[in-house]
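Taken in order, these protein sequences are the chains called L and R. One point on numbering: in this note's numbering, the residue at position 100 of the first sequence is 101, and numbering is uninterrupted. One point on numbering: in this note's numbering, the residue at position 521 of the second sequence is 828, and numbering is uninterrupted.
Rather than coming from a laboratory, the hints here were simulated on the basis of the structure. On a predicted model such as this, the values are computed, not experimentally measured, just so you know. A hint or two may mislead.
Derived pair list, reagent style DSS-like, types lysine-lysine, alpha-carbon separation capped at 30 Å [what the hints assert, rightly or not]:
(1) L:Lys32 / R:Lys347
(2) R:Lys927 / L:Lys102
(3) R:Lys318 / L:Lys57
(4) R:Lys421 / R:Lys789
(5) L:Lys32 / R:Lys813
(6) R:Lys421 / L:Lys32
(7) R:Lys983 / R:Lys965
(8) R:Lys1010 / R:Lys927
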Amino acid sequence: MRKVMYLEFERCIGCRACQAACRECGGHDAKERNYVEYVDFFENRQTYPMLCMQCKDPACARVCPANAIQITEEGVVLSAMEEKCIGCRNCTFGCPFGIPKFDFEENKMYKCDMCYDRTQHEIAPMCASVCPSDAIRFIDHDEMMDLRRRRTQMNLIEGKKPSENNKWDYVPEFFGVYSD
Amino acid sequence: MTQFVVKPGVKNLKHDGEKLITTHCCYCGMQCGMHIRVNKKSGKVVGVEPRYDWPVTMGKMCPKGVTAYQTVDHPERIKKPLIKKNGEFVESSWEEALDLIENNYKKLQAEHGKNALSVFGGVSMTNEKCYLVGKYARVALGTRYVDYNGRFCMSSAAGGFMKTLGIDRGSTLPWPELEHTDCFFMAGTNTAECHPTTIQWLWRARDKGAKMIVADPRETPTARIADVHLDLKAGTDSALANGMLHLLIREGYVDETYVNERCNNYAGLKEAVKLFTPEYTSELTGVATEKIIKAAHIYGQSPRSVVMFARGVEQQNKGVDNVALYTSMALLRGQIGKFASGVATFTGQGNGQGGREHGQKADALPGYRKIDNPEHVKYVAGVWGIKPEEMPEAGVSAYEMFDEIQNGNIRSMHVICSNPAVSAPNNHYIWDSFKKLDFMVVSDFFLSETAEFADVVLPTTTWAEDEGTTTNLEGRVIRIRKVREPLGESKTDWEIMQLIAERMGKGKFFPYKNVPEIYEEFRIASKGGKADYYGITYDRIEKEDGVFWPCPDEDHPGTPTMFRESFGTPDGKANLPAVLWQEPGEVPTEDYPHTLTTGRVVFHYLSGTQTRRTQFLMEKCPEPYVEMHPELASQYAFLDGDNVYLETRRGNMKVKAKITKAIRKDHVFIPYHWGKELSVNKLTNPSLDPTSRMPEFKVCAVKLRKA
Ligand code: SF4
Ligand code: SF4
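All chains should be built: construct the whole structure from the sequences, respecting the hints.
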């Protein structure tokens, strides 16, 4: 897969469309796997989305004693396999980003799989498709690298960034996720 | 007609056994493009797929749009007519329900005259249906009393644009141009929550260095990142706009050539704004003078700018003045009628634009014609096949219809596609009026708070079970496709109006077999009017990604950019206003020391009839709350999550506190999407704008205590 997920936290408007859309993805059993959180609602309304980083060497898969978390050839880290998952929840503690969720009724873990049923055909995941602010994007790796360079350059240009109400300092400027 | 519309090279995910049908969201004026997933075998609606190639929204949706399809095959749908017997709703046949309506309508009209009946419409319906509501009231029922919920939504924008520009088209420019704008002046619009899919265009413009100035008592997600956040007191927009105009003139930012050639009354405006120095403006609005000055410089220096506003400035008893003044900021800068610049209001309801143009309004006829103009009446009467003298005179505005109920003049109301029991101000008065009616009919697909008052509830279809057109917030006419067959015994609103017309002996005026037939008549009815749809056909909409009105004939390309050469006024010139300062209907006093303002959240639409029945949305936002600054909270020792008792001169309620610094210290905010004891509109002030008859939902005086 040449496309990557690209997150720009500061663009997020907290609409949670990404979460509603996550439920709509074919294999997701109407349960969202991504997160949208306030940085600190007492201070302001800044929110940010969080989804699986699709790590190259994922902690969740590493700590899984049952080897239930598979990685596709494109590098997508899938939800635990139903028949293998023993419900130990190691993965939910192991992930440094706190991504895997646990279904106590079914006694199994579930997580973001980058909408594998879509992305394997190079169709954008549901969250990136609907996100009205482009906080979540599904773009070419090259475009992502280009955007990263451009952001830094543009921030140097006078007047580009607001000098007042500049409360997005709470979060990193951008966060790239890529799988190759 | 093609059901699945997609451009070459665009990939969508199709599941086996499913088909995709292309349509638009049923909720706000953005009318986001989407494909609905339908199970081929069962015909049921099962999901949604982004429409990546719809040029206005590019596949983006807010959570309401993503979950919109879930209201179609919903377990709470009303599938049979309901008749209230001994205080309980009982399912009945259409025959029985229509008999009851016919008997009551005829009896009431015999006893109290034609105008004993009334119709309360809505604009979350297609153009075809909205057009028919006016005709249904005036021809089938023969009553003058018809008005619609746009009075609580768009009427101030309409009034302000009519006065200033001569034509009320929500946006003078097409949305994709926003990307190229240098500066956005946004007043009273919580775009990130109420029209989220616009954000992509704003953020793209910002990527290129565009500036944003946001006027709002709350630090909304848009205000948070603004270059200047003008944190004004609710209800002081006319002062702020006058102050901005003052500075534009003082600092030499006026495009004198444009103003001299294209505007009237520049001298009058100049004189009126003289008073509004930054100091005086600051005193009235509560905004620091430096911010006002900074905003004026940024706006004044931007080569291409768009002034945008929404309910925040419109839902005031001077909403029309606010609109006229903000619009004048664009006029003084010579922005209207040019690329990537102009003025726009964010249409609230799905078809708030189209639905207000074609005769649902008490004083309007199709094509933005006026009922007090004999020429207009003659034309429309001709299209409808009635005599001009049979056309009823103008009625009264939505809220004033309730006065007429209280006075005993209106004895019966048919509410179509609306829920005034939640959305009208001063709820107690509305509820009492419903109880006073001799006979009440409601058409809806869920049992709304309004429907609970009815004697007869007629089950309608949702947007997915009928076809037609809507007009989005740009003024682009688009196609809504039929996605599935009507559920149970539900019928489309137009069929219902047709059936009642037949019972009233007026069937021959409503001979439609399908929606395209209504559309054909409607095109002709709008022909030659200000909102001229005559040249727009279903085919063209599909081929051209929608067509912008006015479009007087089939060879006309439509009008994406308005007012390129002249305005819609009789002399072709824009009318600049001269407006003095006027307080809101209610100001804080010792007894009611704070300001209450109301609004929306991203998870709910209008009165919440649909979104409160959608699981995801209810999980994210189950109940209203009162937002307040920690400084105000500490005066009452409120902690986050505490129950707060609020009271105004009209009503009271109890909600939980949500504490944040993202709001003015002297204001509290409550979202309005809930009914009964959770309805903030029990508290709001029905102080009406003299022109638009818009109630002042945005400002009233309130007192607080621990509950
Ligand atoms: S990539 Fe797919 S699974 Fe992951 S958050 Fe987005 S929609 Fe959900
Ligand atoms: S859809 Fe986009 S803007 Fe909305 S909450 Fe998710 S990341 Fe934020």
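Outcome of the hint check:
1. L:Lys32 / R:Lys347: Holds, at roughly 25 Å.
2. R:Lys927 / L:Lys102: Judged against 30 Å, a Cα distance of about 18 Å means the pair holds.
3. R:Lys318 / L:Lys57: holds (28 Å)
4. R:Lys421 / R:Lys789: violated (36 Å)
5. L:Lys32 / R:Lys813: Distance of about 52 Å is beyond 30 Å: violated.
6. R:Lys421 / L:Lys32: Measuring from Cα to Cα gives roughly 55 Å; hence the hint is violated.
7. R:Lys983 / R:Lys965: This hinted pair holds, its Cα atoms lying about 21 Å apart.
8. R:Lys1010 / R:Lys927: holds (28 Å)
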